[in-house]
Amino acid sequence: MSIAEKNTSEAILTVENITLSFGAVRAIRDVSFNINKSEIRAIIGPNGAGKTSMLNVINGFYHPQEGKISFRGEVRKQMRPHEAAAGGIARTFQNVALFKGMSTLDNIMTGRNLKMNKWNVSLVPSMFYYGPTQKEEIKHRQHVEEIISFLEIEAIRKTPVGRLPYGLQKRVELGRALAAEPDLLLLDEPMAGMNLEEKEDMCRFILDVNDEFGTTIALIEHDMGVVMDLSDRVVVLDHGEKIADGSPDEVKNDQKVIDAYLGVSS
Amino acid sequence: MFYRESGQFKTSYQSDQAVFPIRQDLWCVVAFFLFALVVIPYFGTEYFFQAIMIPVLIFSLAAIGLNLLTGYCGQLSLGTGGFMAVGAVACYKLTTGFPELPFIITLLLSGLITAGVGLLFGIPSLRIKGFYLAVATLAAQFFLSWLFNKVAWFQNYTPSGTITMPPREVLGYAVTGPNADAMHRYIFCLLFVIVLAMAAKNLVRGPIGRSWMAIRDMDIAAELIGFRPFQTKLLAFSVSSFYVGIAGAMALSLWLGSVETAEAFDINVSFQVLFMIIIGGLGSMMGSFVGAAFIILAPIALTNVMVSWLGMQAVTAKHFEFIFFGGMIIFFLVVEPHGIARIWQLVKEKLRIWPLPY
Amino acid sequence: MEFINLVLIGPILEIAEYPAFFLEVVFGGLMSGVMYSLVALGFVLIFKASGVFNFAQGVFALFAALTLVGLMTGTMPFSLDKVLPELPAWAAIIATFIVMVGLAIAVERIVLRPLVNQDHIIMFMSTIGLAFVLEGLGDTIWGSEVKALDVGIPTGNFMIGEIQIQIFDLWAAGVAAFLVVVLAVFFQSTRTGRALRAVADDHQAALSVGIPLKNIWIIVWSVAGLVALVAGIMWGSKSGVQFSLSLIALKALPVLILGGFTSVPGAIVGGLIIGVGEKVAEVYWGPLVNGAIENWFAYVVALVFLLFRPQGLFGDKIIERV
Amino acid sequence: MVSANLDSVDNISHTEDTFPKLLLKHARERGSEPAFRQKRLGIWQTLTWQQAKDTAEKLSFGLANMGLERGDKVAIIGQNTSMMYLSMLATQSLGGVPVPIFSDASNEEFQLLLAHAEIKGAICQDQEQIDKVESVKESIKSLEFLVFEQPRGMRGYTQNYIYSIDGLIEAGVSAKGDRKNNFEDEVMAGKGDDLSTIIYTPGTTAQPKGVMLSYRALILAGLKSAKHEGINAHENVLAYLPIAWIGDHLISYAQHNTLGFTINCPESPDTLLTDLKDISPSYFLAPPRILEQVHAEITGRIAGAARLKQSLYNSFMKLANRVGDRITSGKNVGPFDRFAYLLGKFMIYGPIKNTLGFNKIKVAFNAGDPINSRIFNFYRALGINLKPLYLQAESSGYVCLHQQNEVRSNSVGQAASDVELRINEDGEIEYRSAGIFSGYYKDKKATNSVLIDDGWFKSGDAGELSENGSLRLIGRADEVGSTTSGVKVSPQYIENQLRFCDFIGNAVVFGAGRAFVSALITIDNEKVNGYLEKSDENIPADEEISQQDIVANLLEREINSINTIFSDDPDNSGLKIEKFIIIPGQFSSLNGEFTQMGKLRRVFVTEKYKKLIDAIYGGNDIVDAKASKNFGVKAAIKIRRL
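Chains as they are written, first to last, in the working numbering: chain A, 463 to 728; chain B, 329 to 686; chain C, 30 to 351; chain D, 115 to 756.
Please note: incorrect hints may appear among the correct ones.
[Said to hold, decoys possible] Here are the simulated DSS-like pairs of lysine-lysine, each with C-alpha atoms no more than 27 Å apart in a straight line:
| no. | chain 1 | residue 1 | chain 2 | residue 2 |
| --- | --- | --- | --- | --- |
| 1 | A | 601 | B | 529 |
| 2 | A | 620 | B | 678 |
| 3 | D | 743 | D | 693 |
| 4 | B | 646 | A | 597 |
| 5 | B | 676 | D | 459 |
| 6 | B | 646 | A | 562 |
| 7 | B | 338 | D | 476 |
| 8 | A | 562 | B | 457 |
| 9 | A | 620 | B | 529 |
| 10 | B | 678 | D | 432 |
| 11 | A | 601 | B | 676 |
| 12 | A | 597 | B | 338 |
| 13 | A | 597 | A | 539 |
| 14 | B | 676 | D | 391 |
| 15 | C | 77 | B | 646 |
| 16 | D | 423 | B | 678 |
| 17 | A | 620 | D | 474 |
| 18 | B | 338 | D | 391 |
| 19 | A | 620 | A | 577 |
Hints listed in this document are in silico derivations from the structure and should not be mistaken for laboratory results.
Extracted from the complex, chain A is given alone in its bound form:
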């Protein structure tokens, strides 16, 4: 199905003329682009290009001073993060933001919080636990277990995430995001600090997610090779401005882009 939908390039999210600044600092300047349904969209650019800020804008953590965002047709300017989450946007973080005190299982379970029946997990039933709450827990445990076997982390199911190696933590975080069954999945440098093998696994999972569930994915990544392999389209930011947008190949050969990266390396 995913193949079919990629052809029908219908935008699931559009950002128009977004400008975001902290006091004097301009993090993003008048950036516009869109993300099509079921595509893998890469956001790249040198450090401090405003990539992460862009994700933060998309899922309502930062509120841009100008511009508008429309997600699945509905336009919004201000939106609380949890509203964005409820709307079907899930994400992972640049430096892993798992709940250190909890097990892999519980971490992924937290991703289900929006899917749970509010009454069954409300205070009083929870105090009795046996009954509605337990039913609800088990229902969602099953779903979480499917994610666990999807990501092949059965062996660390009950391990406190604090004890896990970095690569696995990233995988668990992906699991937590998947648990929300998002329409749009934002991945902030999913491969940062991974060794080659871990990267290959992560690539495989990202592709599988996109293919199995038809999830739309927007990802920030430094590893150009990865970006070229994974993404359908790439948008390039530099110093908060959009300098290129298009297929991986187009972008790769774009002079502006090359300069931007050279500028960083030199």
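Mind docking chains B, C and D on chain A? Use the hints.
Chains B, C and D alone, transformed into the frame defined by chain A:
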């Protein structure tokens, strides 16, 4: 070394998510409970119940309350004493105001009232975090004890300013009032606390507990995956206060019988309960009990040693007690911030894989 | 109507009627405000430089005062008999300051170093423990009964118009002001001071300035000790050295909320506001609710304030990142 | 109900003489008992015999719908999942013949086997195996349909001959109407002497041999050994070995269906150990490889333990080694030792068995290859009733069994009841029994060469019968021999000794028909590196560690110790390893040195390393540089003398 858990495989999520998935643990806990319920009443003396068991149980409940807020939800509170006072006063006003009200209902209502007050003082957590919040809770402490001290209505205008619990019965046994048998009061406390503790355990192992821990561990991430920080914290505040309030009510009715609120529940009580959860273990039910037992028993032991054996003056002993407690806190925070509970957990891990190191 | 009259009109009229008395109240408020500022200053210094919220600050003051009295009266530690030579005030003060420095070093060794990089809340709770230890220690060493302290600050009073002014209060204010200036200079224009400010931002920066973290902490805690000493002297000579002295710490907390945990001027302004506010409230509105409201009034003021400006008066806006 | 027919196992009633019939029986008599447990989605999901029967039935509809006829072959490829085993049952219930295939076999092997077996369909566990079959489909005319269990990654596959299991079942159930026989009739049409399955022995030679086993052979073999070992319907077994291996087929399939005990399938390969601990099986089968790994794991961890623990462990293990085996085999032991052993059981043995999940084991078999005596004794000492099993596909594993009170590592026990056993003049083991196979599939010549006059089977193994009639395996008949100087050499035996030495990874021994005994050896990288770090010998990164003299000296010491063992042993008079070569890299089943079950492919190895071997017996001190290059070594490989 004692564990023979292999072969205890789980064929259902119910059994996999049980509180004590390992059979041996379950047996221990049950045995312990039966001991407290059956054996202790046989050998316990009036003093033993009044000075040790009952306060330990009551403070365990308070510790559980604070642990829910601080240990699980990560919101530090220094107002525990104040909220216990609310519970105590509520209990007093309810019993004197509505003599017909069954005692258990009274306790629960006192808890609910305290929960309301806690909710009120939780509101600042909307905007402020960490120390700021801790300070805010201090405000609660001072304001409340002032309130109950100054406004005579809360003491039914008794000249002495003390509030005294009238006699009440449960299932025909007198549990409050001057001629309530200590053993009956103890058993009532035990059962009541155990039930509430189970409820608390159910909370923290379910979705609500996870939402609290999520806020504690990484509030921003929690919000970004759809938790509502404010609601979550407020819930923690009110549930915590509910438990603390009931503890206060029990302290008045089942333990002290008659108190001068401002004195009995002053800021030192707040610290005491805080110490209980630090030493016992932040984010651990079992820790709440252990910590309470430690904080209650240690001074008794200390005084016995220093006064009875070393012949110190009581006042000097009191000072040493301060040093001792302060020292313990620092020691635990440095050595094992997660308290006795964590230490026990580590020992258990070792036992489970004995003699292998990993 | 009756109520309004009672709560609003009444007190206002009263103020209008005896302005001099009102000024006197305000003045008194300012004086205790200065005290609050002093203690709050101690908090801010430590918080700025080591990110630690030192709950023991008040007990520091008590401990300093106790030590001072002990030295001046030549008391033998652990036994309350006065057998040692009595030190003159200036010597005792210096000696006490040395003790406070020693204390700072000990704290760094025993508490801070093991807890470095720990969660702030954990550090905070450890200072609560520290408070208990010092309280017990002070009492065991110097005895817990109330002691008079006289370092020769002139007392008495004079009138300006109809306003009675305590000479002691003037001194207190003067000393406090002086201390603040000294600290300001120290922080703004000495190398160490700048380093200290750097640490507040991040520990790496501090190292780059070239002063090892542990020294910085020792310095800061010593300075905080000095502030505590001054506060102790002022408060102690005013109302005797006793346990209640440690409670001024609790008074300083709302000041912090008001002024912001990281702002020196905030601490001072906040202190004065709280001081005046609670005095006035106590005198004019206290009676309506039969008194003793200054215990919590400050907090309530601070809280209400917080809801509108979480970062405090002079604190800077927090940008959250992920 | 099982023991009922045990006394008369020779004539099993015609209602219980095939596995599908037995399935019906269990579903009927004890439908609510667990047949399978599969750890899936975090818990052990149970399949009762009734459910098992229903699934198999539906599956058979599906297969029938694919046009599966009696005698058609169906390849079963995958990990141990209940669905794989049920697929075999479903196939057999239609009179088809399941052919389990090693899922990690190479594409060439796939091509070879599938073509040879003329399979009509293949039931695969997941995409990986589907891909393998796909890649060779062209060359297999008979192949008509592929079925996969795991949908993961199969979305893109649009070929009309690929079905999901569910799809298969659906189609079958809906098409149910237009079929003459219902399930029971189909099942009952089967006979005990029908071909049950074809087990391909991963030929230690290149050409695979398909061992044809009848229901009767498997069922009888299963029942008889079960009777001897007291195995019954209440056992708990972990199915973790390749389903294509006779060992797994015998226990997880034949005995499982005959006796009706429970099979537990692990969640994934990397949770094997925890799953083993979860289940704590009562009946366990393992090739030496596994037992060696576990033993190494334990000793390794203990080495890292606190001193107190270590000394406790060592002292109690010493005791165990002295009396443990005697206690396990129920011989009499002094009261003090008995007490001490009890103490040890509480302090050490119990906990260790607990962490391994071995504390409920009634009987464990070591099968495939002989096991090193020290490792064997380790398990016996812990109180685990481990027994060497003489397991050949051709015998359905039923040749010799142990008397409870005399279990030794170097013997596979005495001839089991109704088994005749003899050693022919060239020292080769021959036997005949009810478990004997009915021939090699499509290979009359091979069959006739081993199945000689009136049912005797030439096993191809060399062995000795001790005076009490217990059999000692020496090695493959064509491998054992003697040097030109007349010293008897059993390469396998020597290799076992070597493989257990520190620092030695693997070894191949030569000597039969040669001047003297020599060995090719690979190092145990982990141990060697560990040693080098300790002895802070720094070897440049680009240097091949295996060729360093310091390493060679290490191995020399080890091999000398082996040589002394030989010289002390009258059985091995004059036996001595005189030269060896350390070869870079490791042996593996991927490079072809091993079969999937960890058996050495001697012919292959001898071919691959011909140059080296020639060099050894050529009498020079080094291998010429050119040859060395081929093995990725810059400098010429040295030949080490002892």
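Hint check results:
1. A/601 <-> B/529: Satisfied, since the Cα-Cα distance of roughly 20 Å is no more than 27 Å.
2. A/620 <-> B/678: Measuring from Cα to Cα gives roughly 17 Å; hence the hint holds.
3. D/743 <-> D/693: 21 Å, holds
4. B/646 <-> A/597: 53 Å, violated
5. B/676 <-> D/459: Judged against 27 Å, a Cα distance of about 20 Å means the pair holds.
6. B/646 <-> A/562: Violated, because 40 Å separates the two Cα atoms, which is more than 27 Å.
7. B/338 <-> D/476: 22 Å, holds
8. A/562 <-> B/457: 19 Å, holds
9. A/620 <-> B/529: 19 Å, holds
10. B/678 <-> D/432: 24 Å, holds
11. A/601 <-> B/676: 31 Å, violated
12. A/597 <-> B/338: Holds, at roughly 17 Å.
13. A/597 <-> A/539: It is violated: about 38 Å lies between the C-alpha atoms, which goes past 27 Å.
14. B/676 <-> D/391: 18 Å, holds
15. C/77 <-> B/646: 35 Å, violated
16. D/423 <-> B/678: 12 Å, holds
17. A/620 <-> D/474: 25 Å, holds
18. B/338 <-> D/391: Status holds; Cα separation ~12 Å.
19. A/620 <-> A/577: 22 Å, holds
Hint violations for this structure: numbers 4, 6, 11, 13 and 15, all remaining hints satisfied.
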